[in-house]
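**Student:** This is what each chain is made of:
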Amino acid sequence: MTETRRALRQLGRPHAGARAAAVLLAGAGAALGVAALGVRLAPHVTAVVAAWLGIAAVSAVAFRFARRAARSASALPLARAAEAAAGARSGSVATLLAAPRAEGASAALFAVADRSAASIVTRVAPAVRRVLARTTSGSVALGALLALLGGTAFVAAAPGAGRAEGFWRPWRIIALARAPLRLAVDRSRVRRGEAVTATVSVPGGAGGHVTLWTRGPGEPWRPAVVSLDSTGSGARRLGPLDSDVWVRATSGSRHSEVLRVAVALPAFIADVAVVARFPAYLERADEPIALGPVSDTVSLPVGTVLDASGTASVPLSAAAWRPVTGGAGTALSVAGSRFSGRFAPTHSGVWRIVIGTVDGQPLEGEPPVLALRLVADSAPVVTVPVPGGDTTLPFSLVQPLVIDVRDDHRVARLALESWRVSQTGKVGAVVRESLDVRDAGDRAIVQGSLDAQRRGLLPGDTIRLRVVAWDNAPTPHEGRSPEYALRLPSREELRAAQRAAAADIVAAAESVSAAQRSLADRTGDLAQERARGTSDPSSGRQPPPGQTGALPFQASERAQEIARQQEAVGERVRELAKAVDELARAAKAAGIDDTAFQARLREVQEMLGRAMTPELEQRLRDLQAALARLDPDATREALRRLAEAQQELRETLERSEELFRRAAVEGQLASLAQDAEALRGDQAAWNRESARRPDSSAAAAERDLAARADSLAQGIAQAERDLAATRHGADSSGALAEPRAQARRAQGAMQQAAAGAERADASGAEAAGAEALQHLDSLPQELRERRDSVAGQWRQEALDALDRAMAETADLAERQRRVTQELESGGSPSAARTQQAEIEEGTAAVERQVRDAAGRHALVSPGLQSALGFAQRQMRSAREQLEQAQPNSDGAAQLAGEALDALNATAYAMAQSRADVAGARSGSGFQEAVEKLAQLAGQQQGLNRDAMGLMPMPGMGADGMLQQLRALAARQRALAEQLERLQATGGSGAAGPLAQEARDLARQLDAGRLDRQTIERQQRLYRRLLDAGRTLTGPEPDPDMERTSRSAQGDSVHLPGLLAPGVTAGPRIRYPTWRELQDLTPEQRRLVLEYFRILNAPK
Amino acid sequence: MRSSVRLNPQLTIGRLHYDGGGDWYGNPSSLPNLLAAIRQRTGLPVAERERVVTLQSGDLWDTPYLYMTGHGNVHFSDEDLGVLRRYLEQGGFLHADDNYGMDQSFRREIARVFPDHPLVEVPLSHPIYHLVYDFPKGIPKIHEHDGLPAQGFGIFLGDRLAVYYSYQSDLGDGWEDPDVHHDPPALHEAALEMGVNLFTYVVSSTR
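Protein chains in written order, with the numbering used here: chain E, 712 to 1810; chain R, 79 to 285.
Reference excerpt, derived from the structure (chain E facing chain R, CB under 8 Å, subset only): (1) Pro1096; (2) Val1113; (3) Asp1115; (4) Ile1156; (5) Gln1158; (6) Arg1757; (7) Ser1758; (8) Ala1759; (9) Leu1766; (10) Pro1767.
These are calculated hints, taken from the structure and not from any lab test. Ideal Cβ placement from N, Cα and C applies to all residues, glycine included.
Turn these sequences into a full structure, and let the hints guide you.
**Tutor:** Structure below.
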C-alpha cells in the first residue's frame, strides 16, 4: 500500500462509514414505511406480500447504496478531491494509489512520488475533510430523517394490532387466501314473501368484498357485491322471495358452494264454499253463504244443512266445524288438500272450520268463521179483520169473515173452528170447517162466512169462533186467531128485525115497480116517437138532407139512458130477490118456521128471480149493440122489443110486489103470533114464580113484559095497516082489531100486576097476572087464525076472479066461434066487424081480471095474459081486414079462427090454473112448481146415471146399444114434455129453455150419439134443473138518490168477492211493455201496438 | 233532425184533463200531498207536483200513473178512446176516483174504452191492498156518501190491474190538506196509505 493511499484512507475512512450508515438509515426508514403500508393493508394478501417484497427490495437497495456511499469516500475520489484542492495535476495523486505494475518502473521514483503525493494529501487534507464532512453530514441527516419517518409510519400502522398479525405472518395469509369461501343462509325453506340472510365468510378476506350470485328458477345469475367485515364475513338479505332461489359467492378465483333457498307455499284455505240446503218443505233453493274471518250473523231455518267444501294449499290431515266457544264439532272428510262434508247446526253460535295440515304447518290467517242464528219455524199468525171483535150476528145469521193468515214460509191448512156456548154456559162440540188455502204462499186472505143457521142455535146462545192455521213444516206449527164471540140475537130481536126487513123490502119492491113502470112507459113513448118520426109520412117532418136514416143525437142519448136504467132496475130486482132470500132464511132462523109464510117468500123470490128474463136481457143487449152501431132501424126495433119485454117485467114486478106485500103481512102475523106465544109463556112463568113473592125485581120483570105487550099491540096495529095497504085489503082491515085489543088489555093487566108487585101485594099481583095471562091465552091462536083467514080469503079471491074470467072467456069463445062461422059462410062483414069489436073489448076486460087474479096468486099463469093478448091481436087484425074498403072476409075468418083457438086454449089454461090454485098447499103454487122441478131433476139424474153406464160398455152389440139409447131418448123426451107442460102452466119461466135442451138431448140419443159432450150436457141440464129459480146478487146503489158527503163513520165494510175465472186471462200474444216501447216515437208505438192488437184480435 | 238526447222526466202522477164538463181539476192539494207521502215513505224520487195531461198530449206516455177525479160528466172522444186504450195496454195505469157524481159517466166511458173487459171488483188479496200498507178490509172509506160501503173496481189486462176505480171512497178528499174537509187524521192517513199502495203497485208492475 502506498503512502498516498494510506493517507487518503485515513482521511476518508470516517466519512465512508458515516455515509454508508446514512444510506442504511434511509433504507431502514423506507423499509419501515413499506412495512407500515403492509400492516395497514393486512391481511390483504397481495399487500402483505408486496410489503415484504418491498422491504426486501428496499433493504437490498440500501445495502447497495450504502456500499456506494462508502466508496464515495474511498481513496480514488479523495485523491481527485485532493488533486483539485491542491491544484495539482490530475492524476498526480490518484496514480500513486497503487504500485506500478509495469516492467522497468523505478520503485524509488515511485516512492518519491508517493511521498510527494502523500504530502499533498496531508496538506490539503483539511480542505478535503471539510468538503467530505459537508456531504457526509447531509447524507446522515437525510438518512436519519427517512429512518424517522419510516419508523413513525410503522408505529402509526399499529404493528401490534390483530390486523397486523397477517403482516407478521404472511405465510399464513397466503395459506388462507388459497382456502375456499364459506356461504350460509339462515333458512333454507321460507314462506312465500319472506326473506333470508346469506352470510359469506372469507377466510383471510377481512375488509374485502365478495360477489354474491343469486338466481331464480330459469333465470340467469345476478351478481351483488357484499362487503366483508374485519373478520372476513359479509351478509346480504335476500327477498322477499316469491319462488325458490339459488345462491353462491365468488371472490376472485375462489367460490362457494351453491345453496338453494326453497320457498314454501303458505298453508291456507282457499275456495271455501258453504251452501245452505234448506229443509225440503220450505221449497227454497239452495243458497251460498259467505264465510270470512268476520262473519255477519246468518239466519237459517232450523233443519238447514250446511254443505261445506274447500281446498287448502297444503295437504290436510283433518278438518272440522267447531264452535268457537269450544265443544264437540263435526268432522269433515279430507282427501289430499281438499275437504268437504255436511254439517247440520243444532244451535246458534259462531262456528269455525278448523284445519290440520299434514306437516303441521299452521294455517295462514284466521280460519273462516260462520255466525249462525238458527231460526225456528214460527207458527202462522192468524187474524180475523172481519168481524175483528165480538159482535152480534147479523139478521141473516150469516156472519161474513175475512181471515188474514201469514206464515214465515207457507200456509198449508186453514180451518175455522166454532162452537156453541149456551146461555147456561154449556159448551158444545167444536165444529171445524176447512178453508181452501191452496197456493196461498206465505200469506192468504180468505173470505168466508159462518152460517149460524145450521147450528141449531137458541136465542141467547153464543157462537165462539177462532181460526186455526198450520204451516207446511214436517211437524206443522199451529197458529190460532183470538177467539171471537158472536151473540145470537134473541128471538124477539130476530122477529122484530124480520118484520122491519120485510117492511123495507116492501118499500124497495114498490120503488122498483114504480121505476120499472116509469121506464116501460118511457121506452114505449120513445119507441112510438121513433116509429112516428120515421114511418109516418103524414107527419110532414123529413130528415135533413144527407141524414136519412141517421139516429138523432137526443134519441140516442135517451135510448142509452133507458138501457142504463133498465140495467140498474135489473140489478135492483136481483138485489130484491136476494133480500127476500135473506129474509126467508132469517125468518127461519128466528123460529118463524111457518111453512105457508116460507112458501110465500119462496114464491116471491122465484118470481123476482125470473123477472129479469133472458129475453129481456137479450133485448137490452140488442139495444145497446144497435146504439153502438148508431143503426136507427135496429135501435127502433130493439126499443120496440124491449118495450114488450119491459111490459112483462113490469107486470111481474107488480105481481111480486103485491104478493110480497101479502107475504109480509102473513109473516108479520106469524111473527106476532110467536111473540104472543113467548109472552104468554113468560107471563105464566111470572105468575108461577114471581107473583107469589112480590118485590121490586118482580115488578121490574112484569114491567118488561108489559113493554113487550105494548110492542106486540103496536106490531098488530102495524100489521093492520099493512093488511089494509094490500089490494082489497081494506075488506080485512077489521080482522085484527080484536087481537090488538087483547094485547092492550093484557098490557093493562100486566101494568097492574107490576104495580101490585111493587106494593108487595101478592094477591093483587097474582090476580092481575092471571088476567094478563087470560088475555094472552088465545091471542097466538087468534093471530094464526087471522093469518089463515086472510090467506084463504086471498086464495078465494083468486079463485073467484079465475071463475069469472073463465066463464067470460067461455062466453067470448062461443061468440068468437059464431063470428068465425059467419065469416066463413060469407056473412055480412059489417055485422061481423061489430061483433068482433065487442068480443075484443070483452077479451081486454078478461085480461084485466086475469092480471088482477095473477097479482093475488102466483099459480095464476102469466101465460094466460099472453094467450089473451094473442087473441086480442088476432081479433084486431081480423077487424082491420073487415074495415078495409074491400073487406077481406077470408083473411078475417082465418084470423078470427086463430083468435078462437087462443080463447079456447086460454079457457083450458084457466081451468088448469084454477085447479092449481084450489089444490095448492102453499096457497100460491110456486112451491109445487119448485117441487116439480126438483122431481124432474131427480129423473134427469137417473137418466144421466144410466147414460154414463152406457158409455164404456164393451161387449154390447151395436143393436143392443142403440136399443138402450132409444130407451134413454124416450125417457129424456118424456122429461122434456113434462117441462113443457110446466112452462105452459106458468109454473116456471125457466122450464122453457130446459125443455128445449131436454128435447135436443133426446134427439142426440135417438141418433145414437152418446159421447162425452152429450153426457156433459145432461149433467148441465141436471144442474140447471136443480138451480132453476136461484137468484143472482150484486149490490148497486140507487142512482137517483141525492148524494151527500161527510167523513166516514163507523165501519162500513164491503168485502169484494173473488175474481171470476178468466178475468185476468191475458192476450194470446203479450203486448210490448212500457220499457220496450219507451224509445220509440209515439207514432211507432202506435203502429207496433196496432200490429199486436190485430194479432190478438178474436178470430 | 231529431235529437238523440232523451230527457228523463221526473216520476210523477198525471192528472187527466178530460172533456165532458166534469171538474177534472178538483181536490187541488190532494196529489201534492200524496206525492209527498210517496216520497217520504217509499223513497221513490217523485216530483213535488202532479203533471196535468190530456189524452192527446205527449206527456201522457211518460206518466205511469194517470189519475182522474171529479163530480161531473166525463166524456172521451173517439180519438181519446183509442189513445187511452193504447196507453193502458202498453203498461199505463188509470186511477179513477169518484169524487161525487162521476160514477155513471165514468162507467159509461170506460166501457167504451174496454167493451171487452168489464169493471170487476178488485179482490182483497190483490197487492194494492197489501203492498206497503195492509188493508185487510179493502179500500178505506174516507167520505160517507149514500151510506154505501167503499168499493174498488178494476179492469185487468192479463194479470195486471190497468184501471182502478175507487167508488164511494173519496180517496182524493182524504189526500187533501186536513183543513179542507176536516177529516179525522186517521182517515187522512188511511187515504194516503192507500195512495202509496196504488202508486207503488203501479211503478213496480209497469210493463
